[in-house]
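Trainee: Spelled out from the first residue to the last, the chains are:
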Amino acid sequence: MNFLTLVLVNLGRNKRRTVLTLLSVTVALFLFCSLRGVLDTLAASIRVGSETRLVTRNRISLIFPLPKAYVERIRAVQGVGRVTWGNWFGGTDPVDPGNFYARFAVDAETYMPMYASDVEIIEQDTPQGTGAVPAGVDPKLAAFMEERTACIVGQSLFKRMGWKVGQTVGATGTIFPGDWTWTIRAVYHAKDPAFGEEAILFHWEYLNERGMGGQGPVGWYTLELSQPERAGEITRRVDELFENSSAQTRTETERAFQAGFVSMYGNVPFLIGVIGLAVVFAILLVAANTMMMASRERTAEFAVMKTLGFEDAALFRLVLAEAAVITLSGGIAGAILAKFTLEKTGFNAGGLLPPMTVSWATVAIGVGIAVLMGLTSGFVPAWQASRLRIVDALRRLN
Amino acid sequence: MAIPFAYNFRNVLRRPTSTIATAIGIGLVVAILIGAFALAAGFQAALVESGSPQNVIVMRTGADSEISSGISLEGAGIVRALPAIAAAPDGRPLVSSELLVLTNLDRLGQAGSSNVPIRGIQVDGMPLRDRLQIVEGRTFTPGSDEVIVGERISKRFKNCKIGDHIRFGQRAFSVVGLFRCGGSSFESEIWGDQAVLGPALGRQGFQSVTFRMRDTSQFRAIKSELEGDPRLGVQVRTERAFYSSQSQLLANVIRVAGVFITLIMAIGAIFGAVNTMYAAVGTRTREIAVLLTLGFSPFAVLTSFMTESVILALIGGVLGCILALPINGIVTSTTNWASFSEVAFAFRVTPLAMVFGLVFAAAMGTVGGFLPALKAARQSLARSLREM
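Chain order of the listed sequences is R and B. Here the numbering used here is used: the first residue of the first sequence is 1, the next is one more, and so on. Here the numbering used here is used: the first residue of the second sequence is 1, the next is one more, and so on.
Wrong hints could be hidden among the right ones.
To be verified - Simulated restraints, written as ranges between beta carbons of each label pair: (1) D118/R to D164/B: 34 to 42 Å; (2) V274/R to A111/B: 14 to 22 Å; (3) G81/R to N328/B: 48 to 56 Å; (4) T341/R to A363/B: 24 to 32 Å; (5) V135/B to V19/R: 54 to 62 Å; (6) D179/R to S174/B: 43 to 51 Å; (7) Q227/R to A111/B: 22 to 30 Å.
What the hints assert, rightly or not - Below 20 Å or equal to it, Euclidean Cα-Cα: the simulated SDA-like pairs (lysine to any residue) are: (8) K158/B to N267/R; (9) K15/R to T283/B; (10) K15/R to L374/B; (11) K158/B to A256/R.
Derived from the structure by calculation, the hints contain no laboratory data. The beta-carbon is built from N, C-alpha and C at its ideal position, and this holds for glycine as well.
Build the full structure now, drawing on both the sequences and the hints.
Mentor: Right, dumping it as structure tokens:
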């Protein structure tokens, strides 16, 4: 009978207790990994931003627009390649105002080529016209490109709402008043999940004509750099350009821009961390309690084993191993469960988060915590077992 | 006949280590639950208290927050002329046409930035915020480049202390005072004179018009008059109703998330309680046999063990309440997605949340104690006594 068999036999002695403890560790690690997954997801949403793209917006705040005329001046800056622009539309669902998803007005002709590697068109309408598209735009978008009031929709939003290609969707304007409708001409899949699929993208031209009386303000410009190594210098150059105009700008890398949104969660990430620790600690107590109960019941048995010649250290290892096996298997089950259920179901907390990702690092941390939990909870009983004096234990039996 | 309550109580205390371990496990679950409720309650209170039931706020139809609203100079003039507006002692109407814009400020002490609302108010409208209190420095001088900053954000953002300068567009505004406003979300804003801020920020018109009603019972009439005016295109709400609607979404999200997390956590803690209770039943086989021999019914044994489990859980519940109490009053912040700006607020542990926590603990005890208690009640008398 080798060491591992002995451990397993001992665990099988009170199956109910072993299973319950294992399940509570599973639940705890599932919760821990899910919570850390939220942090992973937030961190991943920063990564959509590229270090080689810059975002220029109004220095006061994103809410303030920039003149359309800036585009030519920005393009003229040395080291800047393609430039595109867009605007946050806001708006609410006319049927259910609580149903939140994003609506962006983008200059499709320049926006689509820039983000071509991030999105993939998975469903599209047949174009009425020639089907010709501007250079760099996916030909699948022909129907979208030829119609001013068309839009494209993220896959997850499209499925959630049960929409069909070719139907119209509406919104009640908040920043741009009135009732708005768009016709769905294509559905996109975000190859990088952090790009987000809970959104409607439509033509900036349409917004410009209808919503802003042709004045043409822009929410932000995205700049692709032809010389990414000069990003810092270009950032300064662009902001200097508009230093003395009425709308001053703030330029930063797209990643820093996205990080700004994550930082708006304020103390929420910290609170999530606290909750995660509380969960782990609560279950550590459950596990420790179980281990102590289990070893208390076996005092006599330990004495017999010692009589048979088991050394103190062997007993110590045995009890510790029992604890570790329970928490390790529970931990692996919980962490893996969190990774696969959350990622496969595309859980997004009702649209509050991008689809969840649970990184392998989180899984590893979860399993590490489970092992630590096992060692901590098993330590006291293991120490007691190794220190047990045969005479005392056998005397207590009677 | 029921088994005396004292029997259970003493039994719980007889095994202190496992009682404490189980109770703390349950206590942590309860503490997280109360914490989530305190977060939601604090957030909601900060926003609800921003609004007074006597004040009316006028915004553009369809705007779900002040940021996305807009009222023209002409529209504001029409609202100002309403006879239903209360007057200050000096006879001037209590009305303020306000500008609200978001500015992006860098955080103090940590990386990143967040949106902070700047409110341009009309000096006549100052008495509308009757809880306004300058805690440091002085208020801004009308017509000057001066602003006052909510006390809660002055500690969270750069350049927000007295003597500092904040740049909006081409002009730098100096901070001359810190204010408090009854713990409301106004304390997360920067206030200045609308007549100066408007041109500096390049804004014509306003985001909202707020006024005090002469007679609150007239609200419906005022509402239908303004909303029916084709020149305006506005929606009219009491200030309180507006701010509560602003807090609803996020407060509900926090509550739902809190309950969801605690329910999952509770499963783990209940398993712990089940283990403890099975052990309790296991070590007391003889005692139970004696109780049954004495004539106590199996049902009495069942309720007795259930009671014991509930006592154990309630000790945990009380521990949880004690653990959660110190967070009361701690100031934290998050972005209110309804207005896209940062709101600082204090956790608020309400008695109701604590009662709810205790009820939740008792429920955990009941669920966890049922199977072990059933085992105790169904014990075969003959076999238990033979084992003796």
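Trainee: Hint by hint, say whether it matches the structure.
Mentor: A quick look at each hint next to the structure:
1. D118/R to D164/B: 34 to 42 Å: With a Cβ separation near 41 Å, D118/R and D164/B satisfy 34 to 42 Å, so the hint holds.
2. V274/R to A111/B: 14 to 22 Å: holds, 20 Å
3. G81/R to N328/B: 48 to 56 Å: Distance hint for G81/R, N328/B holds at roughly 54 Å.
4. T341/R to A363/B: 24 to 32 Å: holds, 26 Å
5. V135/B to V19/R: 54 to 62 Å: holds, 58 Å
6. D179/R to S174/B: 43 to 51 Å: holds, 44 Å
7. Q227/R to A111/B: 22 to 30 Å: For Q227/R and A111/B the Cβ distance comes to about 27 Å; the hint holds.
8. K158/B to N267/R: holds, 17 Å
9. K15/R to T283/B: holds, 17 Å
10. K15/R to L374/B: holds, 18 Å
11. K158/B to A256/R: holds, 18 Å
Violated hints: none; the structure is consistent with every hint.
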